[in-house]
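Chains as they are written, first to last, in the numbering used here: chain A, 3 to 217; chain B, 2 to 292; chain C, 4 to 258.
Please keep in mind that the hints were generated in silico from the structure rather than gathered at the bench.
Since the model is a prediction, treat every value here as computed from it, not as a measurement.
Incorrect hints may have been included.
DSS-like cross-link-like pairs, simulated, lysine-lysine; straight-line CA separation at most 30 angstroms [claimed, not checked]:
#, chain 1, residue 1, chain 2, residue 2
1, A, LYS153, A, LYS28
2, C, LYS90, A, LYS7
3, C, LYS119, A, LYS7
4, C, LYS119, C, LYS103
5, C, LYS90, B, LYS190
6, B, LYS190, C, LYS25
7, C, LYS65, B, LYS190
8, B, LYS185, C, LYS65
Ranges of calculated distance between the beta carbons of each label pair, as one might list FRET restraints [as the list claims (entries may be wrong)]:
#, chain 1, residue 1, chain 2, residue 2, range
9, C, TYR86, B, SER173, 40 to 46 angstroms
10, C, GLU198, A, ILE21, 45 to 51 angstroms
11, C, PRO62, B, LEU30, 44 to 50 angstroms
12, C, ASP243, A, ASN142, 54 to 60 angstroms
13, C, ASN226, A, GLN74, 58 to 64 angstroms
14, C, PRO62, B, LEU85, 33 to 39 angstroms
15, C, PRO182, A, ASP56, 36 to 42 angstroms
Looking from chain C toward chain A, a few residues come up when the C-beta cut is under 10 angstroms (computed) [as the list claims (entries may be wrong)]:
#, residue
16, ILE214
17, ASN238
18, ILE240
19, THR242
20, HIS245
All C-beta atoms in this analysis are idealised placements derived from N, C-alpha and C, irrespective of residue type, glycine included.
One letter stands for each residue in the lines below.
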Amino acid sequence: MPREKFDREINAVSSELLILGGMVDKAIESSLIALKDMDNQLAEDIIYQDDFIDRKQIEIEERCNNLIATQQPMASDLRTLISIIHIAVELERMGDYAEGIAKIAIQMGKEGPLKPLIDIPAMSEISRDMLRKSLDALVNRDLIAARNVLKQDDQVDQLYQRVFQELLGLMTTDVDLIKRATYLLWVAHDLERVADRATNVSERVIYLITGKLES
Amino acid sequence: MENNIFHRNIKRRQNVGKLFYIILLLFSLIGLIGLSALLIQILRDGLPYLSTNIIFNYPSRHIDQAGLKSALFGTLWILSLTALISLPIGMGAAIYLEEFAKKNWITNFIEINIGNLAGVPSIVYGLLGLTIFVELLGLGRVVLAGALTMTLLILPIIILSTRESIKAVPNSYREAALALGATKWQMVKRVVLPIAFPGFLTGAILAMSRAIGESAPMIAISALVYITFIPSHAMDRFTVLPIQIFNWISRPQAEFAGLAAAGIIVLLTVLLLMNAVAVYFRNRYQVKSNE
Amino acid sequence: MRDNILNVKDLNVWYRDFQALKDVNIDVLSNKVTALIGPSGCGKSTMLRCINRMNDLIPDAKIEGEINFDGENINSNHLDPIYVRSKIGMVFQKPNPFPKSIFDNVAFGLRINGFKGSIEDEVEKSLKKAALWEDVKDRLKDGALELSGGQQQRLCIARTLAVNPQVMLMDEPASALDPIATLAIEELIRELSSEVSIVIVTHNMQQAARISHRTAFFMVDENRCGYMVEEGETNQIFTDPHDERTESYITGRFS
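In isolation and in its complexed conformation, chain A is listed as follows:
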């Protein structure tokens, strides 16, 4: 069977991408826990782990570059490798948002809690769900699943609007709350961006399957 080695290489780099996805998913989950529990140690850990995410992304990109340079990928092989490079960048950015939330968690620890978190964890759950589903769609080459992820983004946007209004209300009523409310606003914004990037991943998956770039 010709090109066995090349197929193996593509599969290997795809697995690396899934590992990266897992690392990012875990980082977002942990950042929310750190925020909720005011766990400084966990937050420091997330910040430290982000270096590994960055390095993994570079490794994936280099491997794809080498495969493109040396193996002359064509058609679906070419789309796969280019999509993997794009998705890795998206994942790496999501990791940065997790790192950002972890940094906020540390700041919040100094201030004390504002109120029980309800909508923000919900945003995180949905965003992470989008991330996992888009990667599943990649593995299974599942066009429908990928398109469904795009719809989920609306839910996150709605939640973000709600959190925004709520926090804005708190800030106008009590000046002392402005600092903490702003931190949470950042968190909500970061999570909204995570969902956007998960959408981008899905778009790349759709491109990989159909060969067409959709927006």
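Since the structure of chain A is already known, use the hints to place chains B and C on it.
For chains B and C alone, kept in the frame of chain A given last:
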């Protein structure tokens, strides 16, 4: 839609092609026609005289008793002995020149001389054999002297044809053998010679066919027609078919001309049999090749 | 100290007055595929033929410099070229199996080198390594020339492997084959590198990129003399060559 830049004229071009096809066919038929005419003439003249008598009788002045037994066996003796001597020497020389000799002025000189020798008239070889083998070495007018002379005559042919068949072995086989760690001799023995073998046989057939028909040198060496015994060893006196045929033809009686034609038929039969055997062996050893 | 099986030092080659190769220095790593690429006439085939002393067969060839193999300079006079060639095998551009049976082709090297073990076992082993065993196991007595081009080249590889060389030199081994057979041979070359170090010459730059671990780029100067421009990891050569000439060659902007 015709494109005016080209004056294609396909019809005329094809006719020219056909014309040349016919001309070339005619040329090749001329050779064939000449040969068939000759054969028919000989068969017509000779067949009535062809009988077991002429094969099993010795020469005689009486037409009904005349035969060519001694000449036939003399020819067979000469051919076998010549083959025995000339083939190993010729092939050995060819293998040396083609595979082992360094390209320098000595090998060049040898090559040019072999080429030239192939063009020397056969009577010269006859006189050379007479001088060296018969007289200088004192062998006398015997089978061995005849075979040695014949060897000189056909050696250039054998060497040239053997070299051609060795040259025809693709170099890639030599490289493959050497790259596997073969010595030069291993390469020659295991790769080159087996592939060249059918070519050797073709060369041998050519050379022996030449030998069977040569009369001039044999006349110089043997000079005898009336021999009423079969040579029993290499140092016996002998005669050969061409001499017998020549002798019959030069007789005044018309019947001897018929005998001569019958003799030619015998000669051709021996030649054909010899070729058939060689062709059989060649086909048997011919290695299948898609190149 | 890198794990190199061949070390070429200041190699210069002349054919009579014409210098074909100038000052080549290169290390060939063990159990890797090293590709020699470059335009026609850049001396890459000459380089290859120096390594197993096939250049000895060309009258007027003069070779200077060292090619160290197994602690010895193969160009030195006390090393017999016959020995060198049995340790450093070669596969040629055009498949050239002998017009013998499949079995006899593989057994050839064993027989001439006085192999003492079971020839049958060794032939089977070599054919398996060359991924040809399944195709031919029921017709080992058939003529080798009845095989397809790709199979013939595999047979030539098996024939070379049977002698158990430490290095296998390949001179454009796939250039006479169709694209599918080419990819199959490429796959095989990559697999074989785990047991034998391979140096391959190829006109096909993409092929070098696909199969080699390391790549050496050769060029030819205004006197038609070949020289090596750079050598390195294949990934590096094809994504980030250090020399501008390599860059323009592999990007197709070579003039």
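Right, here's what the structure says about each hint:
no.	hint	verdict
1	A:LYS153 / A:LYS28	holds (23 angstroms)
2	C:LYS90 / A:LYS7	holds (28 angstroms)
3	C:LYS119 / A:LYS7	violated (36 angstroms)
4	C:LYS119 / C:LYS103	holds (22 angstroms)
5	C:LYS90 / B:LYS190	holds (22 angstroms)
6	B:LYS190 / C:LYS25	violated (38 angstroms)
7	C:LYS65 / B:LYS190	holds (29 angstroms)
8	B:LYS185 / C:LYS65	holds (21 angstroms)
9	C:TYR86 / B:SER173: 40 to 46 angstroms	violated (23 angstroms)
10	C:GLU198 / A:ILE21: 45 to 51 angstroms	violated (32 angstroms)
11	C:PRO62 / B:LEU30: 44 to 50 angstroms	holds (48 angstroms)
12	C:ASP243 / A:ASN142: 54 to 60 angstroms	violated (35 angstroms)
13	C:ASN226 / A:GLN74: 58 to 64 angstroms	violated (34 angstroms)
14	C:PRO62 / B:LEU85: 33 to 39 angstroms	holds (36 angstroms)
15	C:PRO182 / A:ASP56: 36 to 42 angstroms	holds (40 angstroms)
16	ILE214	holds (9 angstroms)
17	ASN238	holds (4 angstroms)
18	ILE240	holds (9 angstroms)
19	THR242	holds (5 angstroms)
20	HIS245	violated (15 angstroms)
Violated hints for the displayed structure, listed by number in ascending order: 3, 6, 9, 10, 12, 13, 20.
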